[in-house]
Amino acid sequence: MSMQDIFALVNGLTVAMSIFLVAAGLTLVFGVLRMLNFAHGGFFMIGAYLTFTFVQSLGSGLTQFLLASLAAGIVVGVIGVICDRLILKRLRHLDESYMLIGTFGLLLVCTGAVKLVWGIDYYSVSPPPEVSGILRFGQVMIPKYSLFIIVMGLVVFFALEFAIHRLWIGKIVQAVANDGWMTGLLGLNVPLLFTGVVVVAFALAGFAGGLLLPNQSLSPELGHAYTLNAFIAVIIGGLGNIRGALLASLILGITESMSAYIVPAMPGIAIYLAMIAILLVRPNGLLHRGVS
Amino acid sequence: MAAARLSVAIWTLAGLVVLASVPLWANPGWTYVAGLILVEGLFCLSWNLLFGFSGIATFGHAAFFALGAYLVGWGLKGGAPFLLLLGGAALLGAVASALVGFVALRRMSGLHLAVLTLALSEVLFIVTGNIHALGGVDGMGSIPRPVIHFGLVEVSLRDSRAYFWFLLLICAALALAMWWLVHSRFGRVLRCIKQDAERAAFIGVNVARYRLAAFVVAGAIAAVAGGLSAPWTQIVTPAAGHWVHSIQAVLNSLLGGVGFFWGPLLGTAIFAGIDLLTRTFAGLSEIVVGGILLMIVLAFPGGVLGFLAAQRSRRQQRNAARAGVPASMVAKEPAE
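Top line first, the protein sequences correspond to chains A and B. Counting from 1, position 172 in the first sequence corresponds to residue 172 in this note's numbering; the numbering is continuous, with no gaps. Counting from 1, position 12 in the second sequence corresponds to residue 12 in this note's numbering; the numbering is continuous, with no gaps.
Note that these hints are calculated values from the structure, not bench results. By construction, the Cβ of each residue, glycine as well, lies at the ideal position given by its N, Cα and C atoms. Heads up, some of the hints might be wrong.
Each computed EDC-like pair below joins lysine to aspartate or glutamate, with the alpha-carbon atoms no more than 16 Å apart [claimed, not checked]:
#1 Lys144(A) to Glu130(A)
#2 Lys171(A) to Glu161(A)
#3 Lys194(B) to Asp95(A)
#4 Lys194(B) to Glu96(A)
#5 Lys115(A) to Glu221(A)
Derived list of chain A stretches under chain B, where covered just means 3 residues or more per stretch with a C-beta under 8 Å from a C-beta of chain B [unchecked claim]:
#6 98 to 106
#7 231 to 241
Label pairs and their computed distance ranges (CB to CB) [stated by the list, open to error]:
#8 Gly141(B) to Ala225(A): 21 to 29 Å
#9 Arg90(A) to Ser142(B): 45 to 53 Å
#10 Asp95(A) to Thr280(B): 48 to 56 Å
#11 Leu86(A) to Val155(B): 39 to 47 Å
#12 Ile262(A) to Val155(B): 47 to 55 Å
#13 Val155(A) to Leu308(B): 52 to 60 Å
#14 Pro81(B) to Thr53(A): 55 to 63 Å
#15 Arg107(B) to Ala163(A): 31 to 39 Å
#16 Asn189(A) to Arg315(B): 39 to 47 Å
#17 Ala225(A) to Ala4(B): 45 to 53 Å
Turn these sequences into a full structure, and let the hints guide you.
This is the structure:
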């Protein structure tokens, strides 16, 4: 492997993990509520803006940055409760395309709110000093922030895996995802569980927004950009499947970074081509089987 | 029935006359907006042919619009005859949608189809943004308005009034053709498939072929709408094929009412109004549009026309109750 290959691989893993961080919450909501939430990227964006605001008053260390991201996650989670009560609860019983359109309306509201609160200027934030700069392994140079994103993506993945497969609450969530009506008959509070899942997914979106903040310029377009990639990961991975979302994110991220060397003329196109190819072979996604 | 048909004809004619008179009394700015509404309205009508009447939700319809717009824009800059280009746009749209439909419609439906069409349109968006001959990201500007040659006679559309009337003529002809299609046997079969594809197949309808046919017709008409827009705006940018443009068709149609043939056109006009009123306030326009959308989806799934129809039938029932006629005897309003 040449140095360029390793660099492309690390780059691909970074892209993959940033897609996964957004896709995780999206697929979680889909698995349980059967709702593809167009607005997910909008709440991701609100998380990024909130972190931006918090970091400015907290200071620029790694701890402060993580705290700010967590706080953004909590705030977005609270917004999630409100959205669930006011909107998602009512959307749940509608036809798929109406859910998509309704949540797209919510995405527009998010974009509008961000423009009203933070204005339309672009902001950028540099990574905290502990994770900025470059690590050298002999010839190979790897940005520390890339490693940070990869690690955080894995942390989120294993936390979700553990919660869903090893914890009591995870079993209950799986039961609701499989058969909400039956779970209700068994005496579990299904609406409360629905709200809980929405809150966790929204909080994840907000947290991810914070973590990925230093990776890009902050603008009201951010929601749109991330929504699409996360959508694609969720669809390829098999809707509602967190392992599938990770696998799909890895495929997409590595395809994207390799294509930057193979077809540099059309940046961004490889992700879509990969998605179309995979869907034509497996129309229901790579791992198609409820929440797992 | 005959009376209903007559009233439809009268309303259509009245609408056409009012629209045709726009360049005579409105200033050029308003005429320009009216032309945009016509083109976008035709585009939305073609989307709703799929969603409202065939039950196919695509989120990448703008790709066909962009194909037509680029073909006509590029051809006009090269001096090709306009009518030939419009025909070429229809053909290109039909071929492209036949390819997409052939591969996608059989295999998937619902969410997967929505996201796949969105991804395909995004591919076109990226490709058009990277082709230098088509102007790249900045788009293709200074597209000339055409002159049409009919043997010895020349019709110049260089004047914006003349082009507006031409635009109106073609849009009206295509819209009426679609209206006829929706109300023909073909349209009834499509609605039958929308309600229950399995049963339709059971009574001997070739579901795949009908859905594909609807997809091709909608793709061709969207491409013509794009082709008509190129000389009107005189610039074509990759944004014509961006997924946000596809979703705009969804929004317009829902606002007007997807269960009604003319709903998308009404929705386009209302959205144009909202856009004009809110465009100076950054952020406010998104909140207003998003809020309206949520309200429609949650409270008025029939859109503006659905709401009006419900009001009307309620009023009729109230009047009937006052006159002592049982509610079951009051004729229900037809869907269109």
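Item to check | Contradicted hints - numbers only | outcome: As far as the earlier hints go, 10, 11 are violated by this structure, in ascending order.
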